[in-house]
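Engineer: Under the working numbering, the residues of the sequence shown are numbered 2 to 167, in order.
The hints are simulated quantities; they were obtained by calculation from the structure and are not laboratory data.
Where a beta carbon is used, it is the ideal one built from N, C-alpha and C, also for glycine.
Each hint should be verified, as a subset may be incorrect.
Distance ranges between label pairs, derived from CB positions [to be verified]:
1. R50 - T101: 27 to 33 Å
2. E28 - Y81: 19 to 25 Å
3. P18 - S142: 18 to 24 Å
4. F117 - H15: 17 to 23 Å
5. R132 - G111: 29 to 35 Å
6. Q97 - V25: 36 to 42 Å
7. C134 - I16: 15 to 21 Å
8. R82 - P18: 27 to 33 Å
9. E163 - H11: 33 to 39 Å
10. E30 - A93: 18 to 24 Å
11. H15 - P146: 31 to 37 Å
12. L38 - G85: 34 to 40 Å
13. E163 - Y81: 38 to 44 Å
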Amino acid sequence: VAPERPDRQHDIHHISPFRDFGYVPGENERYRVANQLDNLITLCRVCHRRAENAQRFQGALTGLAHVLGHVAPLYLMCDYRDIGIQAEVQAAWSKQPTVTIYEQVPAGVGFSETLFRLHGRLLATAQELIRDCPCDRGCPSCVGPVDEVGEDAKAYTLAILEELGD
Numbered sequence: 002v003a004p005e006r007p008d009r010q011h012d013i014h015h016i017s018p019f020r021d022f023g024y025v026p027g028e029n030e031r032y033r034v035a036n037q038l039d040n041l042i043t044l045c046r047v048c049h050r051r052a053e054n055a056q057r058f059q060g061a062l063t064g065l066a067h068v069l070g071h072v073a074p075l076y077l078m079c080d081y082r083d084i085g086i087q088a089e090v091q092a093a094w095s096k097q098p099t100v101t102i103y104e105q106v107p108a109g110v111g112f113s114e115t116l117f118r119l120h121g122r123l124l125a126t127a128q129e130l131i132r133d134c135p136c137d138r139g140c141p142s143c144v145g146p147v148d149e150v151g152e153d154a155k156a157y158t159l160a161i162l163e164e165l166g167d
């Protein structure tokens, strides 16, 4: 690895996002834990931007999985615990961003075929649910709690759904 140029500007990036530590000014000192060296990494500006974008994208995929977890059981007429959902920025089997909905029942009861057939309708309903939700940035009723999915997850999840709908 070649050394960095001395004139190159760098940023400090929190490996676990600062918001995850629950810091409340004047009430606690959790910022100290967030800023411990094992949670910080020095990145060049370009790499820092990539890391931040990756976190936003993960939040959007997690938001998409969250809303599909609400919508899919309505169409399947099942309990929400009958299905599982996983969001991956790079799935092992596809090497692509993937949201997988799967049956929790061993050997399945036929949900997979129905989900495949309803793919477009599920995405449209998810988009409608998020768009119609009165929250500003995300909430448990749409993309999930902002503390878990990120402050812009609602907007980014909608952007993914709009792209998938085109």
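Engineer: Work down the list of hints and note, for each, if the structure agrees.
Structural biologist: Consistency of the hints with the structure:
no.	hint	in the structure
1	R50 - T101: 27 to 33 Å	holds (28 Å)
2	E28 - Y81: 19 to 25 Å	violated (35 Å)
3	P18 - S142: 18 to 24 Å	holds (22 Å)
4	F117 - H15: 17 to 23 Å	violated (39 Å)
5	R132 - G111: 29 to 35 Å	holds (30 Å)
6	Q97 - V25: 36 to 42 Å	holds (39 Å)
7	C134 - I16: 15 to 21 Å	violated (30 Å)
8	R82 - P18: 27 to 33 Å	holds (29 Å)
9	E163 - H11: 33 to 39 Å	holds (35 Å)
10	E30 - A93: 18 to 24 Å	violated (40 Å)
11	H15 - P146: 31 to 37 Å	violated (19 Å)
12	L38 - G85: 34 to 40 Å	holds (37 Å)
13	E163 - Y81: 38 to 44 Å	violated (25 Å)
The structure does not agree with the numbered hints 2, 4, 7, 10, 11, 13 stated previously, though it agrees with the rest.
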